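The hints should help you fit chain B onto chain A, whose structure is shown.
Here the protein sequences come in this chain order: A and B. Mapped onto my numbering, the consecutive letters of the first sequence carry residue numbers 1 to 369. Mapped onto my numbering, the consecutive letters of the second sequence carry residue numbers 1 to 369.
Just so you know, these hints were derived from the structure itself, not from any lab. Take the hints with a grain of salt, since some may be wrong.
Identical copies go unnamed one by one, so any copy, or any two together, can satisfy a pair.
To be verified - Here are the simulated lysine-lysine pairs, DSS-like style, with alpha carbons at most 27 Å apart: (1) K240 with K356; (2) K240 with K349; (3) K240 with K260; (4) K172 with K356; (5) K51 with K260; (6) K65 with K40; (7) K356 with K320; (8) K193 with K338; (9) K172 with K318; (10) K356 with K309; (11) K172 with K240; (12) K317 with K51; (13) K356 with K113; (14) K69 with K40; (15) K349 with K181; (16) K69 with K325; (17) K318 with K181; (18) K69 with K318.
All figures in this text were calculated on a predicted structure; none of them were measured in a lab.
Number of protein chains: 2
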Amino acid sequence: MAGFKFRKFKKSLVLIFVLTFFIACEQEEVNTAFKESEKKFTWRMVTTWPKNYPGVGLAAENISKLVNKMSAGRLQIKVYGSGELVPALEVFDAVSRGTVEIGHGASYYWIGKAPSAQFFTALPFGLNAQEMNAWLHYGGGLELWEEAYDKFNLIPLAGGNTGVQMAGWFNKEINSLEDIKGTRMRIPGLAGKVWTEAGGEAVLMPGSEIFTNLQTGVIDAAEWIGPYNDQTFGLHQAAKYYYYPGWHEPGPTLEVIINKEAFASLPSDLQEIVRTASRAVNQDMLDEYTARNNQALETLVNTHGVILKRLPEDVLKKFKEITSKLLEELIVEDPLSKRIFESQENFKKNVSEYHKISEKAVYEMRELN
Amino acid sequence: MAGFKFRKFKKSLVLIFVLTFFIACEQEEVNTAFKESEKKFTWRMVTTWPKNYPGVGLAAENISKLVNKMSAGRLQIKVYGSGELVPALEVFDAVSRGTVEIGHGASYYWIGKAPSAQFFTALPFGLNAQEMNAWLHYGGGLELWEEAYDKFNLIPLAGGNTGVQMAGWFNKEINSLEDIKGTRMRIPGLAGKVWTEAGGEAVLMPGSEIFTNLQTGVIDAAEWIGPYNDQTFGLHQAAKYYYYPGWHEPGPTLEVIINKEAFASLPSDLQEIVRTASRAVNQDMLDEYTARNNQALETLVNTHGVILKRLPEDVLKKFKEITSKLLEELIVEDPLSKRIFESQENFKKNVSEYHKISEKAVYEMRELN
Numbered sequence: 001m002a003g004f005k006f007r008k009f010k011k012s013l014v015l016i017f018v019l020t021f022f023i024a025c026e027q028e029e030v031n032t033a034f035k036e037s038e039k040k041f042t043w044r045m046v047t048t049w050p051k052n053y054p055g056v057g058l059a060a061e062n063i064s065k066l067v068n069k070m071s072a073g074r075l076q077i078k079v080y081g082s083g084e085l086v087p088a089l090e091v092f093d094a095v096s097r098g099t100v101e102i103g104h105g106a107s108y109y110w111i112g113k114a115p116s117a118q119f120f121t122a123l124p125f126g127l128n129a130q131e132m133n134a135w136l137h138y139g140g141g142l143e144l145w146e147e148a149y150d151k152f153n154l155i156p157l158a159g160g161n162t163g164v165q166m167a168g169w170f171n172k173e174i175n176s177l178e179d180i181k182g183t184r185m186r187i188p189g190l191a192g193k194v195w196t197e198a199g200g201e202a203v204l205m206p207g208s209e210i211f212t213n214l215q216t217g218v219i220d221a222a223e224w225i226g227p228y229n230d231q232t233f234g235l236h237q238a239a240k241y242y243y244y245p246g247w248h249e250p251g252p253t254l255e256v257i258i259n260k261e262a263f264a265s266l267p268s269d270l271q272e273i274v275r276t277a278s279r280a281v282n283q284d285m286l287d288e289y290t291a292r293n294n295q296a297l298e299t300l301v302n303t304h305g306v307i308l309k310r311l312p313e314d315v316l317k318k319f320k321e322i323t324s325k326l327l328e329e330l331i332v333e334d335p336l337s338k339r340i341f342e343s344q345e346n347f348k349k350n351v352s353e354y355h356k357i358s359e360k361a362v363y364e365m366r367e368l369n
Numbered sequence: 001m002a003g004f005k006f007r008k009f010k011k012s013l014v015l016i017f018v019l020t021f022f023i024a025c026e027q028e029e030v031n032t033a034f035k036e037s038e039k040k041f042t043w044r045m046v047t048t049w050p051k052n053y054p055g056v057g058l059a060a061e062n063i064s065k066l067v068n069k070m071s072a073g074r075l076q077i078k079v080y081g082s083g084e085l086v087p088a089l090e091v092f093d094a095v096s097r098g099t100v101e102i103g104h105g106a107s108y109y110w111i112g113k114a115p116s117a118q119f120f121t122a123l124p125f126g127l128n129a130q131e132m133n134a135w136l137h138y139g140g141g142l143e144l145w146e147e148a149y150d151k152f153n154l155i156p157l158a159g160g161n162t163g164v165q166m167a168g169w170f171n172k173e174i175n176s177l178e179d180i181k182g183t184r185m186r187i188p189g190l191a192g193k194v195w196t197e198a199g200g201e202a203v204l205m206p207g208s209e210i211f212t213n214l215q216t217g218v219i220d221a222a223e224w225i226g227p228y229n230d231q232t233f234g235l236h237q238a239a240k241y242y243y244y245p246g247w248h249e250p251g252p253t254l255e256v257i258i259n260k261e262a263f264a265s266l267p268s269d270l271q272e273i274v275r276t277a278s279r280a281v282n283q284d285m286l287d288e289y290t291a292r293n294n295q296a297l298e299t300l301v302n303t304h305g306v307i308l309k310r311l312p313e314d315v316l317k318k319f320k321e322i323t324s325k326l327l328e329e330l331i332v333e334d335p336l337s338k339r340i341f342e343s344q345e346n347f348k349k350n351v352s353e354y355h356k357i358s359e360k361a362v363y364e365m366r367e368l369n
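Same shape as in the complex, but just chain A (with noise of 0.2 Å):
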């Protein structure tokens, strides 16, 4: 009995034990798609701005909210001041070799590895931020950053804009081409080279050194981005006058670098997660630096005594002309810079044309009375 018993017992038991090890197998399936579905990534994101900087450094800290809310914590993004983890100018070569999985900054820094790179930021007497947003989106700009960017193993988003930039500050006035002569400006990249063909001595600078040099009479003008930025710098104490239209960058777009492998190592939904939160704060950046300039303009002039004024037509006709004949030369040089020059120009003169009758037109149309 007491073996037939056991027997049944064992028999009941093992059948138990065999159940409940499936169930635990079964189980272990589930978790392990959970595991994988709930996979955790940790990012780090370098920069070419100061930490939390108004506009441009925010825009990354907006980025990394955005993706860690989307994202219930899976992807966790922290973002590093320039100079934190890497130096400003070293932000591209971090993302390329995988040092860190994603930077954001402006592609022009780059032209000396990628002299194409300045069609993303902006060109003299180019594309502004809407025309812009709709040329990588709709007009093939976007496909060409990747292309450009390819070889460097890095993926290319648009993540920001400033709109319309001020021509600088000046501590003496332009009033005809003669005062451009010997002006020692802070201005980089292409537009550096336009102020310097015109006569005048372009200056490469870091952000944070130009109120010192501003105010000690090192350079005599230097450009920023726009009031909002401009007037948190206190560049109204270092120079007298500040000068319109922004001819060197007319609609800016800042960039986000994702590393390949980085990218490539994400479930589909966390690439899309980081793809759409980059073009949400592509928007909020331009809509913050839209609210916030007039605001900032108004204090600069009405508190604290700044000069508004406009540089004369016949210097804005010749840096046009200049811009040209350099865009010119670089497009010979380079023969991506040519493709992308040629879809950008192409784009420029259709958009254009249907600007002057409804954006300019709005513009004019409320000036009425």
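Just chain B now, kept in the frame of chain A:
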């Protein structure tokens, strides 16, 4: 021995069984958490547009696609064209009542229910797309919109912008105010009231009826959107003159409306996914129109012989004057409209000043030769 062995064996088995049970229990708990975070939601989005209509209709589809991808299918939104589930003009009520969870349309369709809704699409001589986005997201606009929709149980979000529209299609020339008199035009909302007050006759009809009524002479004129959409409607086959500028809609914002309880039922990551998808599409739609309007306009003018004309200054001045008068009347009747109007007017005054020396100056500068 046998007894002892059995006891030991039984003990071991019980231990294994208990342990397995605990493991299974733990698995079960994880599995519940897994189910919670993987809970699926199926939403229905009703729209005021024909299914897959270029631009406006595709924006709704794009929001659905982004949400689906970013949530890895946890939130699926099925999009219905106008009339598929509810007629276009019942979208607001359907979402408000919770019959469906989400809708896509334009706020100024609902001025009969909420007079202040006009301000969240566009005002004649009002903000353009860039300025509307800035006002909504950094000028207090969205908060006022939330307040206006609160009693309807709705959460509003910006969900697209067409950019500046065209003034419309005409079968007679408008050379002076005299030519407005008696002219029957399909033009909705506040702008329609302006048209009537100026001596014309504003007629209401859905987009689908414009072509026939224009071709058969039931109406003399009609506004729709802009070249990209108007071309697909074939309006060039029904009218001769294509007028600009779009004084009545300088940058109309489309809306996403979400039923409050439906939104509250989502976990916070899905809520953020819905918000961010809408924000991204809000820009994406403007990008598409910006890229495609001029191509369409060129075809209309060069291939179809459409005559492009500008509304005379005295007509625009009169429209502007009447708009101010009608807005003054509107805000006397509705205190919330008054607050919204003051917020938007104050914002416009500020941003217009800055855009004179930035965006407008860029358009002017590019025309220098």
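Evaluated hints:
Taking identical chains as interchangeable, the C-alpha atoms of K240 and K356 lie at most 27 Å apart only when they sit on different chains, with a minimum of 21 Å there against 34 Å within one chain. Taking the shortest Cα distances, K240 and K349 sit within 27 Å of each other only across copies (26 Å), while inside one copy they are farther apart (36 Å). Neither within a single protomer nor between protomers do K240 and K260 lie at most 27 Å apart by alpha-carbon distance, with minima of 46 Å and 52 Å respectively. Proximity of K172 to K356 under the C-alpha cut-off of 27 Å is restricted to the inter-copy arrangement: shortest distance 23 Å between copies versus 34 Å within a copy.
For the homomeric pair K51 and K260, the shortest alpha-carbon distance inside one copy (25 Å) is at most 27 Å, but the shortest distance between copies (37 Å) is not. Taking the closest pair of Cα atoms, K65 and K40 come within 27 Å of each other both inside a single copy (15 Å) and across two copies (24 Å). Taking the shortest alpha-carbon separations for K356 and K320, both the intra-copy value of 19 Å and the inter-copy value of 20 Å come in at or below 27 Å. Taking the closest pair of Cα atoms, K193 and K338 come within 27 Å of each other only inside a single copy of the chain (19 Å); across copies the shortest separation is 51 Å, beyond that limit.
When the C-alpha separation of K172 and K318 is checked against a cutoff of 27 Å, the pair qualifies only within one copy, where the shortest distance is 19 Å, while the shortest distance between copies is 44 Å. For the identical chains of this complex, K356 and K309 are neighbours both inside a copy (24 Å) and across copies (13 Å), given an alpha-carbon limit of 27 Å. Proximity of K172 to K240 under the C-alpha cut-off of 27 Å is restricted to the intra-copy arrangement: shortest distance 8 Å within a copy versus 54 Å between copies. Within a single copy, K317 and K51 get their C-alpha atoms no closer than 38 Å, and across copies no closer than 48 Å, so neither meets the 27 Å cut-off.
Neither within a single protomer nor between protomers do K356 and K113 lie at most 27 Å apart by alpha-carbon distance, with minima of 36 Å and 37 Å respectively. Proximity of K69 to K40 under the C-alpha cut-off of 27 Å is found in both arrangements, the shortest distances being 13 Å within a copy and 18 Å between copies. For the homomeric pair K349 and K181, neither the shortest alpha-carbon distance inside one copy (32 Å) nor that between copies (38 Å) is at most 27 Å. Taking identical chains as interchangeable, the C-alpha atoms of K69 and K325 are never at most 27 Å apart, the minima being 48 Å within one chain and 46 Å between chains.
In this assembly of identical chains, K318 and K181 lie within 27 Å of each other by CA distance solely inside one copy; the values are 13 Å within and 49 Å between copies. For a Cα distance limit of 27 Å, the shortest separation of K69 from K318 qualifies neither inside one copy, at 49 Å, nor across copies, at 50 Å.
Checked against the numbered hints above, the structure breaks hints 3, 12, 13, 15, 16 and 18 and satisfies the rest.
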